[in-house]
Amino acid sequence: MKRQIRIANGKKYFFRFTVNQRIQHALLATTVITLVLTGMPLKFHDAFWAAYVYNLVGGITLAPVIHRIAGTILLILFAYHVIYMTTIIYKGQIVPLKRKQELSTGALFKLLINQPLLPNLKDAKDIFDLLRYLFFLTGEHPHGARFTWKEKFDYWAPFWGIFIIGVTGLIMWNENLVSKILPGIVINYALIAHSDEALLAALFLFIWHWYNVHYSTSVFPMGTVFLTGYLSEELMVEEHYEYYVELMTKEGYEDEILPPLGYKSNEHEAEKDAV
Amino acid sequence: MTQKKVFKTILVISTSVLCFILSNPKFSIASDVGNCLLCHKYPGLSRVEGDKGILRLLYVNESAFNISMHAKVKCEGCHTDIKKIPHDPAKKVDCLTQCHIIEPTSEKKFSHKDVADFLAKSVHGKFDKTGQLKKFPEDRPYCKDCHDNPLYRPVSFNKRVTPGISEQALGRCRVCHKKDDFIYRFYNHVTTRLHRSRNPKNITEVCVRCHDDIKLVKRHNLSIKAVETYKDSFHGKAAEFLDERIPDCLDCHVNRGESVHQMLSKKNSLAPTHENNKYNTCSNVECHTNASPKLAQFEVHAEFNKKRSPKQYYFQSAFIVLTGGTLLPLLGIMLLDLLRRLLPGLSRRRK
Numbered sequence: 001m002k003r004q005i006r007i008a009n010g011k012k013y014f015f016r017f018t019v020n021q022r023i024q025h026a027l028l029a030t031t032v033i034t035l036v037l038t039g040m041p042l043k044f045h046d047a048f049w050a051a052y053v054y055n056l057v058g059g060i061t062l063a064p065v066i067h068r069i070a071g072t073i074l075l076i077l078f079a080y081h082v083i084y085m086t087t088i089i090y091k092g093q094i095v096p097l098k099r100k101q102e103l104s105t106g107a108l109f110k111l112l113i114n115q116p117l118l119p120n121l122k123d124a125k126d127i128f129d130l131l132r133y134l135f136f137l138t139g140e141h142p143h144g145a146r147f148t149w150k151e152k153f154d155y156w157a158p159f160w161g162i163f164i165i166g167v168t169g170l171i172m173w174n175e176n177l178v179s180k181i182l183p184g185i186v187i188n189y190a191l192i193a194h195s196d197e198a199l200l201a202a203l204f205l206f207i208w209h210w211y212n213v214h215y216s217t218s219v220f221p222m223g224t225v226f227l228t229g230y231l232s233e234e235l236m237v238e239e240h241y242e243y244y245v246e247l248m249t250k251e252g253y254e255d256e257i258l259p260p261l262g263y264k265s266n267e268h269e270a271e272k273d274a275v
Numbered sequence: 276m277t278q279k280k281v282f283k284t285i286l287v288i289s290t291s292v293l294c295f296i297l298s299n300p301k302f303s304i305a306s307d308v309g310n311c312l313l314c315h316k317y318p319g320l321s322r323v324e325g326d327k328g329i330l331r332l333l334y335v336n337e338s339a340f341n342i343s344m345h346a347k348v349k350c351e352g353c354h355t356d357i358k359k360i361p362h363d364p365a366k367k368v369d370c371l372t373q374c375h376i377i378e379p380t381s382e383k384k385f386s387h388k389d390v391a392d393f394l395a396k397s398v399h400g401k402f403d404k405t406g407q408l409k410k411f412p413e414d415r416p417y418c419k420d421c422h423d424n425p426l427y428r429p430v431s432f433n434k435r436v437t438p439g440i441s442e443q444a445l446g447r448c449r450v451c452h453k454k455d456d457f458i459y460r461f462y463n464h465v466t467t468r469l470h471r472s473r474n475p476k477n478i479t480e481v482c483v484r485c486h487d488d489i490k491l492v493k494r495h496n497l498s499i500k501a502v503e504t505y506k507d508s509f510h511g512k513a514a515e516f517l518d519e520r521i522p523d524c525l526d527c528h529v530n531r532g533e534s535v536h537q538m539l540s541k542k543n544s545l546a547p548t549h550e551n552n553k554y555n556t557c558s559n560v561e562c563h564t565n566a567s568p569k570l571a572q573f574e575v576h577a578e579f580n581k582k583r584s585p586k587q588y589y590f591q592s593a594f595i596v597l598t599g600g601t602l603l604p605l606l607g608i609m610l611l612d613l614l615r616r617l618l619p620g621l622s623r624r625r626k
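From first to last, the protein sequence lines stand for chains V and Z.
When you line the first sequence up against the working numbering, it's residues 1 to 275, in that order.
When you line the second sequence up against the working numbering, it's residues 276 to 626, in that order.
These aren't lab readings, by the way, just hints derived from the structure by calculation.
Cβ coordinates follow ideal geometry from the N, Cα and C atoms, glycine included.
It is possible that some hints are incorrect.
Ranges between beta-carbon positions, derived for each pair [as the list claims (entries may be wrong)]:
no., chain 1, residue 1, chain 2, residue 2, range
1, V, L56, Z, K409, 42 to 50 Å
2, Z, S540, V, I185, 20 to 28 Å
3, V, L177, Z, R468, 29 to 37 Å
4, V, L177, Z, K366, 57 to 65 Å
5, V, L103, Z, L603, 42 to 50 Å
6, Z, S472, V, F206, 37 to 45 Å
7, Z, S338, V, N55, 23 to 31 Å
8, Z, I595, V, F163, 15 to 23 Å
Covered stretches of chain Z, going by a simulated chain V footprint (3 or more residues, C-beta under 8 Å) [to be verified]:
no., region
9, 557-567
10, 571-581
11, 595-604
Within a straight-line C-alpha distance of at most 27 Å, the following computed DSSO-like cross-link-like pairs (lysine-lysine) qualify [what the hints assert, rightly or not]:
no., chain 1, residue 1, chain 2, residue 2
12, Z, K582, V, K43
13, V, K43, Z, K506
14, Z, K327, Z, K490
15, Z, K384, Z, K366
16, Z, K349, Z, K383
17, Z, K349, Z, K388
18, Z, K383, Z, K454
19, Z, K493, Z, K581
20, Z, K500, Z, K542
21, V, K43, Z, K581
22, Z, K569, V, K43
23, Z, K383, Z, K453
24, V, K43, Z, K586
25, V, K180, Z, K586
26, Z, K569, Z, K506
27, Z, K358, Z, K316
28, Z, K586, Z, K542
29, Z, K396, Z, K419
30, V, K180, Z, K569
31, Z, K500, V, K43
32, V, K43, Z, K476
33, Z, K541, Z, K401
34, V, K110, V, K122
35, Z, K493, Z, K541
36, Z, K358, Z, K419
37, Z, K490, Z, K410
38, V, K180, Z, K541
39, Z, K410, Z, K388
40, Z, K409, Z, K541
The following block holds chain Z by itself, in its conformation from the complex (with noise of 0.2 Å):
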């Protein structure tokens, strides 16, 4: 074989495992189109920053990334400032900005501004009805505070609905729709879309990280620790073992069918906990369908506090008494008679 034919053999060979390899949808980001996974593909690859020397990992896992909300959209859509390789540090991603993919409904860029719109309405935004600006503003959460890249998670309940979608569902899709990538992406997103993408015990995490914070409660004259009370409710404890059917914070301080960026203060008439609406909230379909409205009377968030909650705070305080004023004689008893049993004829009389 001359050195032509061996240079041709190895091209060929090369050229179709290359083309192999790219075909697996597992093997490649549609979106990288800048080729920014030359350098993001490295685990290590990553950075201290700023003056507290934070450790910032920059590792773009492509598989995981493959299967997410976002894997679609190019990385220069949410990275705008980049231009070039190799790039200057990058600013933070704005998620606003109208770069994504086009929205097949209206055929428009797609971009979040309308959820912002939402969350400036509603008791997390930054300025009150008057357009000014509320106190501690930095303490109001923003998209990034509760959201990352979220993996598809395609639908296995929906709260207590049977699901439906099967691969007899994927079967009938590929009537009309030939690529399979573009069937199991839209089954994705939709079936995804039917359910949170977290589970009531992720949700209370996210909410924990400020309700709990007892300077940031206080400085906004919440009168509970939200998230520590709910957990102590039976839909609580239910969350903290997974179970998917409970209602976590979201499904009752939101509204039936509007966006959880929607929320509402409780004091305010259209919020779904003000005290006129709260009935409606846990009688609805899926929960407590025939209660009676004096169910609402019930106090979700009820703390062990002499302030706050002074009727339970009592009534718990004599079960503690009850249980201390039991046990304690009673432990005493048993230590004595141990002592008693290992000195049996030490006594000052024998009778």
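Bound-form chain V, shown alone (with noise of 0.2 Å):
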């Protein structure tokens, strides 16, 4: 298997995402701020400024073609996107269980519930405990995964987001089409949601994301994960606690293991040695 630490100058580097993840990524970030861009200067089409923006990526004769490109590129990725998770698991997890004749619906259903990026118990003990840190009752901050719950609200938010935005903008992109199956007034819903889960994810990613990954002090002014791939052991030690600990041991670094944000160096030597 791959080692998941890369060491460069004398640095630790952890693996993340594959160049295929990257790519996807680079997909989902161009598409995504190309549709705000075509699409908010209409939901508010009364401001001051949408005239302008709209007229910059190219008014009403253009921006409604990019608009719809970026969409049909968005959703294609989106589809690939579950296709290739679904390839993952199937490949990854559920062919190993098949050969060892292990496979039975309750294993099927533990395997699935288990997934790395599906919400659970863990991320709940964790929000619980960030808060804590939060409100300066505790010093310790929570020891993350390996897919904390920020990442996993970053990665479902827009899952649900573009699958609802997809299929509203399918059915006002087909008005007529649409009106020979569903009653019109599903297009008056689809306008309504269609315009406020994108504010909704144009908000989210915009401010909570890019709050994460460029403007928060530890990453400032932008983190290099998505492009290089890895992460730096200071980021893993403040994010992923529990799994950098993991992955080094596994690699064979335990003496080299960083203490956990909040803790100074000669209290987690000690708290080594008591152990």
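Since each chain sits alone in its own frame, please combine them into the complex, following the hints.
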């Protein structure tokens, strides 16, 4: 199996994303920003900036075409991603179970609910612990697993968003066809859902996601994991301490494990000695 | 050179210059027989009127007027009460005055009386079917509430029909018609009437004067804020960004082939917005041709209002709650996180 820790210039870097996943993220980011630029001026058509932004991105003749092209790319990406994830789970987890002849309904259910990207009880505990940390009730930052609750939020919010916005976008794009199956009022609902969910998604990504990957003092001005695929040791310690210790131990760096956030190194050494 | 010769030379030169200036259509209003521009050509010509002291501009922009719809009408053709110069304060123009040019097909004097008859029978008319004065007749629009003296606007599009008139077309006109002034005016007139003189955004700006006036809408028991809701629809958003192919108020509220002055209430069974006619209106040849009758259930004027559009109201409210419920806690965490990073060592317990 590929080593998860890479050392460059004496510093450790931890593997997070494959090239394929980084390309998927780049496509997602580009299409979403394009869709926001060509869509938000329509939602806020009365705002002073709407006409300027809309004309910058092509105006009424070109912007709708760009919006539909970007939307189509995003929907194809969404479909690809679902197939990609299904394949990874099937080939990497279900097929080995089959080979071992251990595949049953119960085993499959257990396998699926234990997927690392699915929310679990540890996330609830981490949120509770984070609030204690943020309210100065403890000095200890939660020890995040491979995927933290923040990352799961960042994953599932756009997942839900793309589905809702995509389906409603297709309805509005093909209103004549849709009218052969569904009543016209569905188009009213589609417009509300498309525009309000898009606003939520845009605010979520540009405030919350960008805070975590751009504006936060740990990463400012920009985290590089979406480009390199590797996360620095400091960020691993801050966000994924539980997983960090697991990887360091697995790859033979037990002696070099750094203390978690909120600990001074001497306290950490003392704790290790006590253990 | 004698004094007489100098005088003669100056006379010849000034006469030539005057003839040149007067022969250029840009420098003359053909209809200014009464020499009204003697005074009205001055941009500052104005007067303060009434108790409210409203400044009224009396300047006539000659070059703009020359390319307007009424360019060929004499000033006194509309301002019939003005008989001498200088004149007393003029009365307001009555658009039904029969004083215009001769209508070429009937060879009768032209007036807008027929339009007024249409308007009287429409939803905007002051009297109902029984001849009784409707409530708040002063709110009913009349000619000048919606119209000014628009400029010619030669065809550049016709909804989704490709424009077909060009210099080549003008060349064909010249086969029979010798005067370019006539050709250009006729060309402009006909091609302007092929489409509306206003784009969809401008049309909504006319309707908004009354239909988004909350007091007026309430007085007439109209159930919706028509223009605001139109602006929030697909059509309205495109119109806002100057899409000229998009349907405006008149496309849906006036039967095709009829004058816009014949607009009917949606309760009238002949109205294109009547429940039974909506589908025909939406599915006309320029719009949703392939749609099924179910499309007519789309509510163009749905409002974010619990009483008038309850389903949409609750549906949209759910998204507002979802947005607030998602973002507010996350914003709270962000702010706390910033504060925590400012004060890393401050906590009640180390662990």
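TODO: Please name the hints from earlier in the document that this structure breaks, with their numbers sorted from lowest to highest.
DONE: none
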